[in-house]
Amino acid sequence: MTVVDADTIAKSFGRVRVLRGLTLRVDGGDTVALFGPNGAGKSTLLRLCATLYAPTAGTLALFGSRQPSAETRRRIGLLGHQSFLYPDLSARENLVFYGRLYGLPRPEHAADAWLERVGLAANATRSVRVFSRGMEQRLALARTLLHDPELLLLDEPWSALDAAGADLLSEILEGLRADGRTIVVATHDFERGRAVAARAVILHGGRVVWEASPSDATASVEAAYRQVTGAVAA
Amino acid sequence: MWSILRKDLLLELRTREAIAALIVLVVLILLTFTFALDPEGARAAAPAVLWVTLIFAGLLAVQRTFLVERESGAWYGLLLGPVDRGAIFVAKLVANLVVLAIADVVLTSLLVLVLGTGIPTAPLELAFVNALGLIGFSALATLFAAISVRLRARELLLPLLVLPLLVPVVICAVEASRIVLAGGGASAAAAWLRVLATFDVIVTVAGWMLFEQLVLE
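Here the protein sequences come in this chain order: A and B. Going by my numbering, the first residue of the first sequence is number 1, and it counts up by one from there. Going by my numbering, the first residue of the second sequence is number 235, and it counts up by one from there.
Bear in mind the hints are in silico, worked out from the structure with no lab data behind them. A hint or two may mislead.
Counterexamples of contact, computed for chain A against chain B with all Cβ distances above 10 angstroms [stated by the list, open to error]:
1. Asp5
2. Thr51
3. Arg74
4. Asp88
5. Phe97
6. Glu191
7. Glu211
8. Ala224
Partner residues aside, some chain A positions facing chain B, computed with beta carbon under 8 angstroms [said to hold, decoys possible]:
9. Arg17
10. Ala50
11. Ala54
12. Ala70
13. Glu71
14. Arg73
15. Gln82
16. Ser83
17. Leu85
18. Pro87
19. Tyr98
20. Tyr102
21. Leu104
22. Leu161
23. Phe190
Treat the numbers as computed from the prediction; the structure is a model and nothing was measured. Glycine included, C-beta positions come from ideal geometry on N, C-alpha and C.
Generate coordinates for the entire structure from the input sequences, incorporating the hints supplied.
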């Protein structure tokens with residue numbers, strides 16, 4: 001099943017055109033790494049796929065539907081630049097709230113399990129306001145995965161994480177990949193991106209300018225990145 | 235919807251940001267009126283003082299609830315949830331209504347103490363009038379706060395957008411409050427209350443239906 005079917009989509013904010021006729025298809029179980037320089041449109045594409053934005057032109061179908069419903073949103077998890085957490089609630093209260101929002105049968109149980117999984121069990125009752133950026137990113141990861149989404153959209157997920165946190169994230173993503181989840185990850189980290197994803201896509205100027213299929217696993221993303229963007233890989 | 239309402243009330247209980255700002259502003263506005271008007275004039279102006287104070291202070295409180303969501307990015311977390319986005323509007327409306335109702339109780343008590351309006355002879359009827367007025371105000375302010383919060387000049391735009399549309403609420407609520415405070419009873423203010431109730435229904439239903447399109451970027 002096609003999970004994301006973006007057909008020549010465009011997205012503008014006022015006069016600023018961020019996406020310009022981007023076409024991308026992601027099938028169920030695909031793992032895709034999005035690379036591209038700042039302003040290429042990676043975050044905007046992920047937010048469109050999360051139903052937070054509507055395309056200005058073109059069509060975007062998610063799980064076969066062009067009209068995303070509440071049920072479509074239930075199948076999506078987005079880890080963005082912001083954590084989407086409430087600073088004045090504790091780590092556990094934040095997860096319990098999101099668990100209730102997603103209608104989980106036992107939100108407290110799910111919250112405790114994820115706090116344990118991301119290594120924040122000892123800080124469960126502390127307010128998120130006092131968390132370091134790395135701790136907040138771990139909690140945001142727990143929030144993203146709490147409802148067991150089928151489509152995972154991750155925007156710079158390794159940013160702010162220490163080495164242990166980054167390894168934990170990679171391990172979790174590896175497990176989800178093995179479990180057949182669809183993962184789209186936007187990153188500047190070629191090594192981690194390639195390790196997680198079977199397919200690499202480079203965005204530049206709001207379009208897909210390079211794509212390596214799973215069979216082209218040896219294709220050099222860095223070389224292609226340098227060639228199409230004229231920039232040195234980050 | 236209940237989970238959002240519960241979270242909003244928990245946050246307000248913990249930070250007391252909206253209610254504290256609301257009550258400080260209510261007291262300041264009320265004191266200004268007290269010194270500006272002679273005792274007789276102040277008593278006559280009590281219904282207008284009540285609603286002008288509630289609306290100006292309420293706008294600040296309603297905007298605050300959305301700013302908290304936007305600053306932390308949690309607003310997007312809400313929009314990602316598998317709930318009807320209209321339900322987010324209703325939850326926010328009710329949470330704002332609870333805060334405004336607390337401010338209303340404080341303000342009405344201060345009107346009696348500071349302006350000397352006398353204890354209302356029909357407190358339940360006055361509460362009914364105030365509830366109808368606050369529902370209309372809260373629905374309209376919640377809807378426009380959700381739109382204006384992502385704009386740069388939001389502090390300026392919210393009153394500019396909301397106040398002209400609030401004219402029916404202000405007129406009906408002030409007139410109905412005046413009749414009830416004068417001992418006329420809710421039945422004597424029925425015509426004003428009907429308009430107020432109609433406004434409440436229209437704005438609440440419109441908000442619920444339009445919210446999804448208004449919050450989509």
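Quick rundown of the hints versus the structure:
1. Asp5: holds, 19 angstroms
2. Thr51: violated, 7 angstroms
3. Arg74: violated, 4 angstroms
4. Asp88: It is violated; aspartate 88(A) is separated from chain B by about 5 angstroms at its closest Cβ, not greater than 10 angstroms.
5. Phe97: Contrary to the label, phenylalanine 97(A) does not stay out of reach of chain B, its closest Cβ about 5 angstroms off (not over 10 angstroms).
6. Glu191: Nearest chain B Cβ is 28 angstroms from glutamate 191(A), so the label holds.
7. Glu211: holds, 27 angstroms
8. Ala224: holds, 31 angstroms
9. Arg17: violated, 15 angstroms
10. Ala50: Cβ of alanine 50(A) sits 6 angstroms from chain B, so the hint holds.
11. Ala54: Interface hint status for alanine 54(A): holds (5 angstroms vs cutoff 8 angstroms).
12. Ala70: holds, 4 angstroms
13. Glu71: holds, 6 angstroms
14. Arg73: holds, 5 angstroms
15. Gln82: holds, 3 angstroms
16. Ser83: OK, holds: serine 83(A) within 8 angstroms of chain B, min 6 angstroms.
17. Leu85: With a minimum Cβ separation of about 6 angstroms from chain B (threshold 8 angstroms), the hint on leucine 85(A) holds.
18. Pro87: holds, 6 angstroms
19. Tyr98: holds, 7 angstroms
20. Tyr102: holds, 6 angstroms
21. Leu104: violated, 10 angstroms
22. Leu161: violated, 18 angstroms
23. Phe190: Interface hint status for phenylalanine 190(A): violated (27 angstroms vs cutoff 8 angstroms).
Checked against the numbered hints given earlier, this structure breaks hints 2, 3, 4, 5, 9, 21, 22, 23; the rest are met.
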